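All chains should be modelled from the sequences, with the hints used to inform the complete structure.
If you read the sequences in order, they're chains A and B.
In terms of my numbering, the first sequence has 28 at position 28, counting the first letter as 1, and numbering is strictly consecutive.
In terms of my numbering, the second sequence has 18 at position 18, counting the first letter as 1, and numbering is strictly consecutive.
Hints were generated in silico from the structure; no laboratory data involved.
None of these values were measured; they are calculated from a predicted model.
Treat the hints with caution; some may be incorrect.
Taking lysine to aspartate or glutamate pairs in the DMTMM-like style, the calculated list, with each CA pair at most 20 Å apart, reads [as the list claims (entries may be wrong)]: (1) A/38 with B/102; (2) A/16 with A/56; (3) B/30 with B/102; (4) A/70 with A/29; (5) A/3 with B/102; (6) A/38 with A/22.
Below, each chain spelled out in residue letters.
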Amino acid sequence: AQKVTQAQTEISVVEKEDVTLDCVYETRDTTYYLFWYKQPPSGELVFLIRRNSFDEQNEISGRYSWNFQKSTSSFNFTITASQVVDSAVYFCALSDLSSGSARQLTFGSGTQLTVLP
Amino acid sequence: DAGVTQSPTHLIKTRGQHVTLRCSPISGHKSVSWYQQVLGQGPQFIFQYYEKEERGRGNFPDRFSARQFPNYSSELNVNALLLGDSALYLCASSPSRAGPYEQYFGPGTRLTVT
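Right, here's the structure in full:
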């Protein structure tokens, strides 16, 4: 069965610091997809990135970057020069073939990031 | 384009009652999924519907049911409510039932069972 672990429950940083959110996943499939979502206090999950299991290239989007390493089953998320608006709960999620025809997302428990001014 | 919409925003029910939650997907999206998010936890998959058929079901009791309409909107029904059903119920839509399509989430319906 698939599983996503986000060991960091809460992280607090001061504005302009860099912060890395960890994500470790488990799956028996060779084809799978990894996601990061942001959940601000309003509650709506905002899609940030999707990676497939065959593409291990790191990706950078503005202040956001993602480090995908199959060897350690990790998909970590780094925010550079954090801002107060980055404060939210961040979820890592996995979608694989074990759910049959449904592409359900299996979420981690989330990391609450607080950026202090 | 409008995003995923859900109604109502908030709901308070009593144990044993029934509740219906509604979701309208992004225009052109044919797949709708439902998730339950208990406070302090990540969302848990309940159902996926595609082309009006159930395509997947999570580990939830039969008190939970759903359906999808010809316009691809969806309803989630929960019977015989328990205190443990109190949660944020999220609806997500995607263009397809499978493949590497990300799911886009609505704002959720916060259900409180007293």
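Legend entry - Hint numbers not upheld by this structure, sorted from lowest to highest: The structure breaks only hint 2.
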